[in-house]
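Asks: Next come the chains, spelled out residue by residue.
There are 2 protein chains.
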Amino acid sequence: MARIKTDNNLTRKEVIVTKAATLFREKGFKAASMRDLAEAVGVEAASLYNHIKSKTELLHELCFSVANRFLHKIDEVELEKNSSVEKIEKLLRFHINEMIHHYEEVYVSDREWKHLSDPYLSNFQNQRRIYRKRFAAIIEIGIKNKEIKSIDAATAVLIMLHAISGIESWHRSIKKISAEELEENMISILVGGLVNR
Amino acid sequence: MARIKTDNNLTRKEVIVTKAATLFREKGFKAASMRDLAEAVGVEAASLYNHIKSKTELLHELCFSVANRFLHKIDEVELEKNSSVEKIEKLLRFHINEMIHHYEEVYVSDREWKHLSDPYLSNFQNQRRIYRKRFAAIIEIGIKNKEIKSIDAATAVLIMLHAISGIESWHRSIKKISAEELEENMISILVGGLVNR
DNA sequence: ATAACATACTAACGTGTGTTAGCGATAAAA
DNA sequence: TTTTATCGCTAACACACGTTAGTATGTTAT
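So the sequence lines, in the order shown, correspond to chains A and B. In case it helps, our numbering puts the first sequence at residues 1498 to 1694. In case it helps, our numbering puts the second sequence at residues 1498 to 1694.
Misleading hints may appear alongside valid ones.
Because identical chains share one entry, a pair is satisfied inside a single copy or across any pair of copies.
When the alpha-carbon atoms are kept at most 20 Å apart in a straight line, the in silico DMTMM-like pairs for lysine to aspartate or glutamate are as follows [claimed, not checked]: (1) K1584 / D1504; (2) K1527 / E1609; (3) K1611 / E1601; (4) K1550 / E1577; (5) K1524 / D1615.
Keep in mind that the hints were calculated from the coordinates and are not lab data.
Please build the complete structure, drawing on both the sequences and the hints.
Replies: As structure tokens, this is what we get:
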């Protein structure tokens, strides 16, 4: 009888969620079927329901675990006694590293949250809105300090976050530069685009 | 008997494709059903097939019409006798305006092309790969000229293109800055991040 | 060894999907 | 006006989907 392997002291549910992330990224949430997922896990579709409540629950878990990581980070960064530019750089580096090392989850959370259903959907959208506002607030302080050039902060946030989601293409490309190079290049372009000179 | 309205000298097929773009953006290709589309058009689902061959055909048309516009533009820009930075700025402004004024199509082409099926899929991927190479080549010339700081060109392209796709958030936001402001802000940040100083 | 539990299986359900066939209605051409 | 082509309708198809019920197998604790 087939059994879900649980190496690295992961629960069976965690194994399923992880495989789901990969599948949702590859095919999209709607196009990825529970039968696909079952096959990836090495089990029959119905068996998954011994561990999870529904397909959407998988999406909840992915979206909110990612969102929480970012919220915790911005909590941390806001408390530091750094310049705005330093804070922004720290946030950007965190985003970049999340996108490099937790690619599947972050990508899914970014692109597939539309398929959440209320109340999770509104909740998630709220968290995102708030996160962006806090990010924008940091930028606005930098603008007042003349650290940062006079631009629309919301637009700047939008550029930063979406630019980083482009790491998707880096993952898919054949001949990649190293992760470190990628990080430095991105920081150079993004921070370089903000600062006053 | 219901009939598809064809104002502005559009064919009935064009009306369907346009509505499909909106629907695919809102729900995603997979989640948008032909019955949804039929309702949006004001007709029964089966009637759509008097005008189109299949659901995927709608996606083909959207993806390739967008891709062709960008390819034509880069053809044009490459021939001009401008500096690299000027060429890049021209391309970026084109991207931004496409994203502002042909939002639905461009967004769908960007996010839903995965659901194309071969041979369209490989074809589309190829066109994208080539487009990015040509964009990167312009940047590389700029780097050699010292117009542009020494960065990985492929990474720069990836940042630029994805940053622009963030205009999606601008469309969805409630209190928007004007389209002109948006364009200038984006150019300022993106070009500012590239140039040597 | 036995009881209790966790996990996987088979079978099937209701629903929604893209699409086709065939027939009436309408508009365009003769 | 008659003919012809265009367009929309109803009905139905085969299929894939998420999920449930009930049962068998394997694992852990007593």
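Asks: Hints first: check each against the structure and report whether it holds.
Replies: Structure-based check of all given hints:
{"no.": "1", "hint": "K1584 / D1504", "verdict": "neither (38 Å within a copy, 52 Å between copies)"}
{"no.": "2", "hint": "K1527 / E1609", "verdict": "both (9 Å within a copy, 12 Å between copies)"}
{"no.": "3", "hint": "K1611 / E1601", "verdict": "both (16 Å within a copy, 16 Å between copies)"}
{"no.": "4", "hint": "K1550 / E1577", "verdict": "neither (40 Å within a copy, 59 Å between copies)"}
{"no.": "5", "hint": "K1524 / D1615", "verdict": "between (23 Å within a copy, 15 Å between copies)"}
Violated hints, listed in ascending order, are 1 and 4; each of the other numbered hints is respected by the structure.
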